[in-house]
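Peer 1: In order, the protein sequence lines correspond to chains W and V.
Plus 11 on top of the position in the first sequence (first one is 1) and you've got the numbering used here.
Plus 12 on top of the position in the second sequence (first one is 1) and you've got the numbering used here.
No wet-lab data here; the hints were simulated from the structure.
Glycine included, each C-beta is placed from N, C-alpha and C at the ideal position.
Warning: the hint list may mix true and false statements.
Each computed DSS-like pair below joins lysine-lysine, with the alpha-carbon atoms no more than 30 Å apart [to be verified]: (1) V:Lys224 x V:Lys237; (2) V:Lys210 x W:Lys14; (3) V:Lys122 x V:Lys82; (4) V:Lys224 x V:Lys86; (5) V:Lys144 x W:Lys14; (6) V:Lys86 x V:Lys237; (7) V:Lys210 x V:Lys69; (8) V:Lys71 x V:Lys82; (9) V:Lys122 x W:Lys224; (10) W:Lys224 x V:Lys144; (11) V:Lys71 x V:Lys86; (12) W:Lys14 x W:Lys346.
Label-pair restraints from in silico Cβ distances [claimed, not checked]: (13) V:Ser123 x W:Leu18: 26 to 36 Å; (14) V:Phe30 x W:Val154: 25 to 35 Å; (15) V:Glu147 x W:Leu18: 25 to 35 Å; (16) V:Asp140 x W:Ile20: 20 to 30 Å; (17) V:Ser123 x W:Phe337: 38 to 48 Å; (18) V:Glu152 x W:Glu191: 54 to 64 Å; (19) V:Lys86 x W:Val154: 44 to 54 Å; (20) W:Phe343 x V:Lys144: 34 to 44 Å; (21) W:Phe335 x V:Glu109: 27 to 37 Å; (22) V:Glu109 x W:Val338: 52 to 62 Å; (23) V:Lys86 x W:Leu32: 55 to 65 Å; (24) V:Asp140 x W:Leu18: 42 to 52 Å; (25) V:Gln76 x W:Ile20: 51 to 61 Å.
Looking from chain V toward chain W, a few residues come up when the C-beta cut is under 10 Å (computed) [stated by the list, open to error]: (26) Phe33; (27) His34; (28) Glu37; (29) Gly38; (30) Gly68; (31) Lys71; (32) His108; (33) Asp114; (34) Asn115; (35) Ser119; (36) Gly125; (37) Phe133.
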Amino acid sequence: MSKRTALQIAAYGIVCLAILLVPSFMDDAFILNKYARYLVLGILAIALSLSWGYAGILNLGQAASFGLGSYAMAMALKLRTIPVHTGEAGLPDFMVWNNVETLPWFWEPFYSLTFAIFAGVAVPVVFAVLLGSFIFRGRVTGVYVAIITLAALVVVNLLIIDQQRFSGGFNGITDLAQLELFGLTFDAYSMSSYYLIAISLTVSLFFALAVTKSKAGLILQAIRDHEERVRYFGYDVARFKTFAFAVSAGIAGFAGMLYTIVMEFASPTFLGVQLSLSVVIWCAVGGRQSLLGAALGAIVVTGMQGALSESEIFLETWTLIMGFTFVVVVLFLPKGLAGAIEMLVDRIFRKDDAVPDKSSVAADRCGVESKAGAPR
Amino acid sequence: MTTNRHDHLVLTDVSVVFNGFHAVEGLNLNVGQGELRCIIGPNGAGKTTALDMICGKVKPTSGQITFEGKTLNKLEEHEIARAGIGRKFQVPSVFHELTVRDNLEVSYSKSPGVFANALLFGRGADRDGLEKLAELVGLENYLDTPAGHLSHGHTQWLEISLLLAQDPELILMDEPTAGMTVQETSQTVDLFSRLKGKHTLIVVEHDMGFVKEIGEVISVMHQGKMLAEGMVSEIEQHPEVRSVYLGSGGISHA
Numbered sequence: 012m013s014k015r016t017a018l019q020i021a022a023y024g025i026v027c028l029a030i031l032l033v034p035s036f037m038d039d040a041f042i043l044n045k046y047a048r049y050l051v052l053g054i055l056a057i058a059l060s061l062s063w064g065y066a067g068i069l070n071l072g073q074a075a076s077f078g079l080g081s082y083a084m085a086m087a088l089k090l091r092t093i094p095v096h097t098g099e100a101g102l103p104d105f106m107v108w109n110n111v112e113t114l115p116w117f118w119e120p121f122y123s124l125t126f127a128i129f130a131g132v133a134v135p136v137v138f139a140v141l142l143g144s145f146i147f148r149g150r151v152t153g154v155y156v157a158i159i160t161l162a163a164l165v166v167v168n169l170l171i172i173d174q175q176r177f178s179g180g181f182n183g184i185t186d187l188a189q190l191e192l193f194g195l196t197f198d199a200y201s202m203s204s205y206y207l208i209a210i211s212l213t214v215s216l217f218f219a220l221a222v223t224k225s226k227a228g229l230i231l232q233a234i235r236d237h238e239e240r241v242r243y244f245g246y247d248v249a250r251f252k253t254f255a256f257a258v259s260a261g262i263a264g265f266a267g268m269l270y271t272i273v274m275e276f277a278s279p280t281f282l283g284v285q286l287s288l289s290v291v292i293w294c295a296v297g298g299r300q301s302l303l304g305a306a307l308g309a310i311v312v313t314g315m316q317g318a319l320s321e322s323e324i325f326l327e328t329w330t331l332i333m334g335f336t337f338v339v340v341v342l343f344l345p346k347g348l349a350g351a352i353e354m355l356v357d358r359i360f361r362k363d364d365a366v367p368d369k370s371s372v373a374a375d376r377c378g379v380e381s382k383a384g385a386p387r
Numbered sequence: 013m014t015t016n017r018h019d020h021l022v023l024t025d026v027s028v029v030f031n032g033f034h035a036v037e038g039l040n041l042n043v044g045q046g047e048l049r050c051i052i053g054p055n056g057a058g059k060t061t062a063l064d065m066i067c068g069k070v071k072p073t074s075g076q077i078t079f080e081g082k083t084l085n086k087l088e089e090h091e092i093a094r095a096g097i098g099r100k101f102q103v104p105s106v107f108h109e110l111t112v113r114d115n116l117e118v119s120y121s122k123s124p125g126v127f128a129n130a131l132l133f134g135r136g137a138d139r140d141g142l143e144k145l146a147e148l149v150g151l152e153n154y155l156d157t158p159a160g161h162l163s164h165g166h167t168q169w170l171e172i173s174l175l176l177a178q179d180p181e182l183i184l185m186d187e188p189t190a191g192m193t194v195q196e197t198s199q200t201v202d203l204f205s206r207l208k209g210k211h212t213l214i215v216v217e218h219d220m221g222f223v224k225e226i227g228e229v230i231s232v233m234h235q236g237k238m239l240a241e242g243m244v245s246e247i248e249q250h251p252e253v254r255s256v257y258l259g260s261g262g263i264s265h266a
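With the hints as constraints, model all of the structure from the sequences given.
Peer 2: Written out as structure tokens, the structure is:
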């Protein structure tokens, strides 16, 4: 393992530990719930960082996977409320209001929570594999990938809104039961939910890190750099890109399930264009080529958004302030906050290590001048 | 390996048309196993296009390309690469954002599947071999340098070392010595002479000095067709070749 990797793992570990320790200082249920929400969005940003930062696939439809995961969890939790809401053999309330008489076939399996959790990841993955093979087999690249994924998101979004009888339409699926797993109840406003999400973030982060550290991760970076060249080494580029696209979708779907738990509902806005584009901004601010950077970007930006929009002073100007921050970051920190930190760390370590690269060669060459005065 | 040594790579009546322009027309080429074949010809003769067709970058309009008895026409680039064909491009093509070590790691592609690679960690299984390769081409001090920071000459050597790591049966080289110093060029000649026999090499070159130094069978292309084939002395005496090259002062000065 290289020194760099060790340093990276240490940094990831410290941040995750810090996140896990938050409840020891904070026991306000409302604030913990808010933090948990930011963390879930952090997981969503990790997913995009994997496909955009590492594989160069700008997926503007990331929220589709997120939303599908969210609905999978909401369907399962909705079915658990039936005896309470509409009688023993009853239907979810919105179905009754829409004159649906029997539970649709695709709702049936969601009586099983295990199935729902499986579907929350598997449905986005299958969707991504289908869409991804279509895009990448056809060698669609660059901005066109962004357009297709955005269009796909809008289609899924409209479909869900349109099928009000089965999906709750604009209102989404509300009034959910609390998740019960391993004998624990995950109330959205409780420590247990916070821990569930903090641990999920840690797992997602290290899982994504493992993907990038595998040889497949290296090949993905090579594809990002020079796609054509990779083909001539015998790698099926379309398959690698589909793989990255699908893994990213799986993580996003997982985040979506958690979002239902903290928000206590699922809504078409979870697969809205606005959320999907926000993820791109979080990644850009945090540094898309760093998984941790992207996660922190999401947490910082959404946290700032929350704090500014709730404070009375910035009530009318907070969107301006956010916009200004984005412009500054994009202009001066093209690799985001993570890039800036990496540069700092590199500078500190470069001083000790005698790296035989250009700078030392150049120093030899300018030996005469440097005696007269260090050329800068 | 079991195929006839003389029919390792065979191009039969291969043509390619770009928007009505015949870049290559009725090209026939037969390269034996372990041979080091140079292809020369004036600009626009179709040399690079010929390599493009072999490695799958360009699909031939008609004709047939076979490698070890396998037809390549319909295969995708990565399938051709897996069949054992590697390519060095005219403009050095390496991964600029990756370090030299990572470049070599990517090019070592014995198991190119997605899941095999997703479960492959440590990247160090053949580290020694790759470092030796870097040493061979004089890049051992640059292993952790991003390829984008290398000089042009070093980038050329890096791409050559990538091909050595890939270790294909057939290596296609498009102007490998472009931008190299005289000394580097003769190092290249040494390297190629050593590779010959173990690998089959096809080298497209402008530099007549280089081709003479290699001293093997030369194929001369002109206007998308094969003009002549033979040893250096034969080619120099060939009347048609002389007339094609007359404009540039004869073949010796091409």
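Peer 1: It remains to establish, for every hint, whether it holds in the given structure.
Peer 2: Status of each hint after checking the structure:
For the proposed pair Lys224 (chain V) and Lys237 (chain V), the alpha carbon gap of about 22 Å is at most 30 Å, so the pair holds. For the hint linking Lys210 (chain V) to Lys14 (chain W), the alpha-carbon distance of about 38 Å lies beyond 30 Å, and the restraint is violated. Pair hint Lys122 (chain V) plus Lys82 (chain V) holds up; C-alpha atoms about 20 Å apart against a cutoff of 30 Å. A distance of roughly 35 Å separates the Cα atoms of Lys224 (chain V) and Lys86 (chain V); the hinted pair therefore is violated under the 30 Å criterion.
The suggested pairing of Lys144 (chain V) with Lys14 (chain W) holds, with an alpha-carbon distance near 22 Å, which does not exceed 30 Å. About 22 Å separates the Cα atoms of Lys86 (chain V) and Lys237 (chain V), which keeps this hinted pair within 30 Å; it holds. The hinted pair formed by Lys210 (chain V) and Lys69 (chain V) meets the criterion: a straight-line CA distance of about 25 Å does not exceed 30 Å. Proximity of Lys71 (chain V) to Lys82 (chain V) is assessed by CA-CA distance (about 16 Å); at most 30 Å being required, the pair is judged to hold.
Between Lys122 (chain V) and Lys224 (chain W) the alpha-carbon distance is near 19 Å, which keeps this suggested pair within the 30 Å criterion. The suggested pairing of Lys224 (chain W) with Lys144 (chain V) holds, with an alpha-carbon distance near 23 Å, which does not exceed 30 Å. At most 30 Å may separate the alpha-carbon atoms for a hinted pair to count; Lys71 (chain V) and Lys86 (chain V) meet this at roughly 8 Å. Our distance criterion of 30 Å between C-alpha atoms is met by Lys14 (chain W) and Lys346 (chain W), whose separation comes to about 21 Å.
Judged by the Cβ atoms, the range 26 to 36 Å given for Ser123 (chain V) and Leu18 (chain W) holds: they are separated by roughly 29 Å. One distance hint, 25 to 35 Å for the beta-carbon pair Phe30 (chain V) and Val154 (chain W), holds here, with the actual separation near 26 Å. Evaluation of the 25 to 35 Å hint for Glu147 (chain V) and Leu18 (chain W) yields a pass: the beta carbon distance comes to about 27 Å. Between Asp140 (chain V) and Ile20 (chain W), the C-beta spacing of about 25 Å keeps the proposed range 20 to 30 Å intact.
About 43 Å separates the C-beta atoms of Ser123 (chain V) and Phe337 (chain W), a value consistent with the hinted range of 38 to 48 Å. Separation of Glu152 (chain V) from Glu191 (chain W) is about 59 Å and conforms to the stated range, judged on CB atoms against 54 to 64 Å. At roughly 30 Å, the beta-carbon separation of Lys86 (chain V) and Val154 (chain W) lies outside the given 44 to 54 Å, and the hint is violated. Phe343 (chain W) and Lys144 (chain V) have their C-beta atoms about 43 Å apart, which keeps the hinted 34 to 44 Å range intact.
Checked against the given bound of 27 to 37 Å, the beta carbons of Phe335 (chain W) and Glu109 (chain V), roughly 30 Å apart, stay inside it. The beta-carbon spacing between Glu109 (chain V) and Val338 (chain W), approximately 26 Å, falls outside the hinted interval of 52 to 62 Å. Taking 55 to 65 Å as the suggested C-beta distance range, the pair Lys86 (chain V) and Leu32 (chain W) conforms, at roughly 59 Å. Taking 42 to 52 Å as the suggested C-beta distance range, the pair Asp140 (chain V) and Leu18 (chain W) does not conform, at roughly 24 Å.
Gln76 (chain V) and Ile20 (chain W) have their C-beta atoms about 53 Å apart, which keeps the hinted 51 to 61 Å range intact. Given hint, Phe33 (chain V) at the interface with chain W, is violated; its Cβ is 22 Å from that chain's nearest Cβ, farther than 10 Å. The interface hint given for His34 (chain V) is broken, as the beta carbon of that residue sits about 25 Å from the closest beta carbon of chain W, more than 10 Å. A hinted interface residue such as Glu37 (chain V) counts as satisfied when its beta carbon comes closer than 10 Å to some beta carbon of chain W; here the least separation is about 25 Å, so the hint is violated.
Against a cut-off of 10 Å between C-beta atoms, the interface hint on Gly38 (chain V) is violated, since the closest Cβ of chain W lies about 26 Å away. This hint holds: Gly68 (chain V) has a C-beta 8 Å from the nearest C-beta of chain W, less than the 10 Å allowed. With 10 Å as the threshold, the beta carbon of Lys71 (chain V) stays out of range of chain W, its nearest partner Cβ sitting at about 14 Å, so the hint is violated. Interface hint status for His108 (chain V): upheld, as the beta-carbon distance to the closest one in chain W is roughly 6 Å, under 10 Å.
The interface hint given for Asp114 (chain V) holds, since its Cβ lies 6 Å from the closest Cβ of chain W, which is under the 10 Å cut-off. The restraint placing Asn115 (chain V) at the interface with chain W holds, with a minimum CB-CB distance near 8 Å, inside the 10 Å limit. The beta carbon of Ser119 (chain V) is positioned within 10 Å of a beta carbon in chain W (closest approach about 5 Å), and the interface hint is therefore held. The beta carbon of Gly125 (chain V) is positioned within 10 Å of a beta carbon in chain W (closest approach about 8 Å), and the interface hint is therefore held.
Because the smallest distance between the Cβ of Phe133 (chain V) and any Cβ of chain W comes to about 6 Å, under 10 Å, the interface hint for this residue holds.
Hint compliance for this structure: hints 2, 4, 19, 22, 24, 26, 27, 28, 29, 31 are broken, all remaining hints hold.
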